[in-house]
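**Student:** Order-wise, the sequence lines are chains E and R.
Counting from 1, position 3 in the first sequence corresponds to residue 3 in this note's numbering; the numbering is continuous, with no gaps.
Counting from 1, position 13 in the second sequence corresponds to residue 1013 in this note's numbering; the numbering is continuous, with no gaps.
Since the hints were derived computationally from the structure, they do not count as laboratory data.
There could be a bad hint or two in this list.
Simulated pairs of lysine to aspartate or glutamate, EDC-like, Cα-Cα distance not exceeding 20 Å [as the list claims (entries may be wrong)]: (1) K1096(R) with E52(E); (2) K1003(R) with E59(E); (3) K57(E) with D1095(R); (4) K1096(R) with E79(E); (5) K1093(R) with E79(E); (6) K1003(R) with D38(E); (7) K1003(R) with D1082(R).
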Amino acid sequence: NAGVTQTPKFRVLKTGQSMTLLCAQDMNHEYMYWYRQDPGMGLRLIHYSVGEGTTAKGEVPDGYNVSRLKKQNFLLGLESAAPSQTSVYFCASSYFSGRDYGYTFGSGTRLTVV
Amino acid sequence: ELKVEQNPLFLSMQEGKNYTIYCNYSTTSDRLYWYRQDPGKSLESLFVLLSNGAVKQEGRLMASLDTKARLSTLHITAAVHDLSATYFCAVDKDDKIIFGKGTRLHILP
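Can you build the whole structure from these sequences, using the hints too?
**Tutor:** In structure tokens form, the structure reads like this:
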């Protein structure tokens, strides 16, 4: 049982390049989330999804897009990377009713934009 | 808009001492979570608090929730070095889970 898997774990991008971060969960969770973590800022919610085919904006959605075409996968896209998007990105998931059981986090993706 | 505030943001304490981390939030919610994060690692779930008056304990850590005051506390009893980490509270509101900025706890031997 892998839980929540994020790929890649590390990436360096040049300004203006695009990339997609993949989050995959094998727990049949309905809810999935993308966060970014910056020093002194805690975790800030970028986008989230409450089920296959749905997405919604979080606290800091600008510059990012997401898709949830399959229940087990939640993709985060950067169309034109900027240095301000240098961060550690975490994906999390939970059951619908299992929010009562908390959330499972992936191991993170460390992204540097130069 | 839901806001979650933790204090203190940094805490340095001696082994054997007791201390409390506070988590205040701005709108009504009855789900609050505590997580631990070690440097360079992901987040580990510590406690899930689901109702007013909920209290949970695990080892030297005890968490409580007062939904009327919109306050949760994480109490550390007789701290040991292994508890050094960053602790986050998070509040669930309208399908969003919003985190506080974290409390970086450093326990001195």
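**Student:** Now tell me if each hint is right for this structure.
**Tutor:** Comparing the hints with the structure gives:
no. : hint                   : verdict
1   : K1096(R) with E52(E)   : holds (17 Å)
2   : K1003(R) with E59(E)   : holds (11 Å)
3   : K57(E) with D1095(R)   : holds (11 Å)
4   : K1096(R) with E79(E)   : violated (24 Å)
5   : K1093(R) with E79(E)   : violated (29 Å)
6   : K1003(R) with D38(E)   : holds (17 Å)
7   : K1003(R) with D1082(R) : violated (30 Å)
The structure fails hints 4, 5, 7 (numbered hints given earlier, in ascending order).
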